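Student: For this one, chain H is given, so just place chain P on it according to the hints.
The listed protein sequences correspond, in order, to chains H and P.
In this text, residue positions in the first sequence follow the numbering used here: the first is 258, and each later residue adds one.
In this text, residue positions in the second sequence follow the numbering used here: the first is 258, and each later residue adds one.
I should point out that these hints are in silico values taken from the structure, not numbers from a laboratory.
Since this is a predicted model, take the numbers as computed values, not measurements.
Just to be clear, a hint being listed does not mean it is correct.
Where chains are identical, the list cannot tell them apart; a pair therefore holds if satisfied intra-copy or between any two copies.
[As the list claims (entries may be wrong)] Derived pair list, reagent style EDC-like, types lysine to aspartate or glutamate, alpha-carbon separation capped at 20 Å:
| # | residue 1 | residue 2 |
| --- | --- | --- |
| 1 | K309 | D470 |
| 2 | K278 | E400 |
| 3 | K503 | E446 |
| 4 | K315 | D458 |
| 5 | K316 | D458 |
| 6 | K403 | D498 |
| 7 | K509 | E411 |
| 8 | K316 | E327 |
| 9 | K309 | D296 |
| 10 | K318 | D289 |
| 11 | K318 | D479 |
| 12 | K437 | E400 |
| 13 | K463 | E478 |
| 14 | K509 | E478 |
| 15 | K309 | E455 |
| 16 | K278 | E411 |
| 17 | K309 | E451 |
| 18 | K403 | E327 |
| 19 | K463 | E411 |
| 20 | K463 | E324 |
| 21 | K278 | D296 |
| 22 | K315 | D296 |
| 23 | K309 | E446 |
| 24 | K309 | D458 |
| 25 | K318 | D477 |
Number of protein chains: 2
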Amino acid sequence: MKHRPLILVTNDDGINAPGLKALVEVARELGDVIVVAPDSPQSGQGHAITLKDPLRLKKVKLFEGLEAWECSGTPVDCVKLGKHIVLHQREADLCVSGINHGSNASINILYSGTMSAAMEASLEGINSIGFSLLDYSWDADFEQAKPFIRQIMEHVLEHGIQHSRLLNVNIPNLPTEEIKGIRICRQAEARWIERYVESIDPRGQKYYWLTGDFMNQDHDEDTDVWALENGYLSVVPSGHDLTSYKAIAPLKSLEKTLLTMNDE
Amino acid sequence: MKHRPLILVTNDDGINAPGLKALVEVARELGDVIVVAPDSPQSGQGHAITLKDPLRLKKVKLFEGLEAWECSGTPVDCVKLGKHIVLHQREADLCVSGINHGSNASINILYSGTMSAAMEASLEGINSIGFSLLDYSWDADFEQAKPFIRQIMEHVLEHGIQHSRLLNVNIPNLPTEEIKGIRICRQAEARWIERYVESIDPRGQKYYWLTGDFMNQDHDEDTDVWALENGYLSVVPSGHDLTSYKAIAPLKSLEKTLLTMNDE
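Next comes chain H alone, as it looks inside the complex (with noise of 0.2 Å):
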């Protein structure tokens, strides 16, 4: 790469979260960097878009000598707006998304909002990295998880990511001597056990809210769960296709129903 790589930033947690700070650090030692992250915290939301609300950019003064915007809706609209307005001509080289609180592993990467941002660059033709460090502490400490996310980085810029434009990164909590190295993985099968705790609000009324536990029904050994249980960071490259190619010939049968249906 000979020019001086464009980087767009951003996240889930919001633009104050630590682990948005730590991965701008990363990314200002290898390109020039764009910040445009949700203005309150946006965990879960998926690949959610905001169509009913007007949507409002407010440049911020957060990081020094950084460009930085907040933005009011969710992290694909941060990609979507950063891409069209705050870039508007430029072109990034490389969207990073994260570094999440929490893990992304597995079937998270459909609810996280970490992942969708970074799919949703990748759906605009930039290569996209998201970053995950398995503690969801506000407090957690990033410092362990930079030499691998930069390398990471690296590689990416120098080789591009064939047959994909998406990685999604998940890096165990530990000291960075006792991380094993990295796994090049499939997403794991998993699900999540759920249960809603029940109460009532003070004006009588009943409420729920949303609690469970990640179970992993996946137990080979070239899973982004095996590599993170044992030690390594996981990277799964992933794409936006979600056909399931094994059952289209056993559905078939369900072309002629209907062509018989309407012959009657």
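Tutor: Just chain P, lined up with the frame of chain H:
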């Protein structure tokens, strides 16, 4: 199927949407129906879940003789609350979502609350179908779609969905007799060409509204977009694994980079 099936019905356009009413009318011919739908329109909510706010459920009398609940959350919240609170010990045989006002073909599955609700039910182990009619208007005529919807629901109730638990069904906006039949398809590769309409509010603050045009980039004849453009209903069996399997091998060199780093 021996017993009368239990069918959970939801959507993303809200509990008052005409598309939901049409879907309920078909579903109740085939089984016992329970409705859990958002109390307000939730288009574009993707796989968002509500984490920051408590959720409310309210029993409503909207459908003669049917149990129906409105929920304060997203479409995915409706399915989770539907399963854990409303259905509780009862097991749904099928979840249907829609009929959405507008297309959810191709990458629209990512942004769609309709499809995310159906996907959530599939993650819970319930066979699920999302239905969308290619007519965005609130006054869309859903009658023409009903015979097809019934056939597809009957097929899934009888045969299940091999290798998948989720169908993304889109219906062209044509009179029944002009619909040529059904095609089992893959998701077309497409993108949105987007822009923001910029305006100034009465307080002098700039704001943005998202708008854009869908652009198909995939001209093969096995895609959902092709089917719809050629007068067929499209049925895409879908999953939740976003791994780009082809991208795994070329990335393996990254594993070595990091091992070297730790050895230094």
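Student: Next, verify each hint and record whether it holds.
Tutor: The hints, checked one at a time:
| no. | hint | verdict |
| --- | --- | --- |
| 1 | K309 with D470 | between (33 Å within a copy, 18 Å between copies) |
| 2 | K278 with E400 | within (11 Å within a copy, 53 Å between copies) |
| 3 | K503 with E446 | both (16 Å within a copy, 18 Å between copies) |
| 4 | K315 with D458 | between (35 Å within a copy, 14 Å between copies) |
| 5 | K316 with D458 | between (38 Å within a copy, 18 Å between copies) |
| 6 | K403 with D498 | neither (31 Å within a copy, 28 Å between copies) |
| 7 | K509 with E411 | between (46 Å within a copy, 15 Å between copies) |
| 8 | K316 with E327 | within (6 Å within a copy, 39 Å between copies) |
| 9 | K309 with D296 | both (18 Å within a copy, 15 Å between copies) |
| 10 | K318 with D289 | within (16 Å within a copy, 57 Å between copies) |
| 11 | K318 with D479 | neither (43 Å within a copy, 50 Å between copies) |
| 12 | K437 with E400 | within (17 Å within a copy, 60 Å between copies) |
| 13 | K463 with E478 | neither (44 Å within a copy, 51 Å between copies) |
| 14 | K509 with E478 | between (34 Å within a copy, 15 Å between copies) |
| 15 | K309 with E455 | between (30 Å within a copy, 15 Å between copies) |
| 16 | K278 with E411 | within (18 Å within a copy, 53 Å between copies) |
| 17 | K309 with E451 | between (30 Å within a copy, 16 Å between copies) |
| 18 | K403 with E327 | neither (24 Å within a copy, 45 Å between copies) |
| 19 | K463 with E411 | neither (51 Å within a copy, 37 Å between copies) |
| 20 | K463 with E324 | between (45 Å within a copy, 18 Å between copies) |
| 21 | K278 with D296 | within (14 Å within a copy, 37 Å between copies) |
| 22 | K315 with D296 | within (9 Å within a copy, 31 Å between copies) |
| 23 | K309 with E446 | neither (34 Å within a copy, 27 Å between copies) |
| 24 | K309 with D458 | between (28 Å within a copy, 16 Å between copies) |
| 25 | K318 with D477 | neither (46 Å within a copy, 48 Å between copies) |
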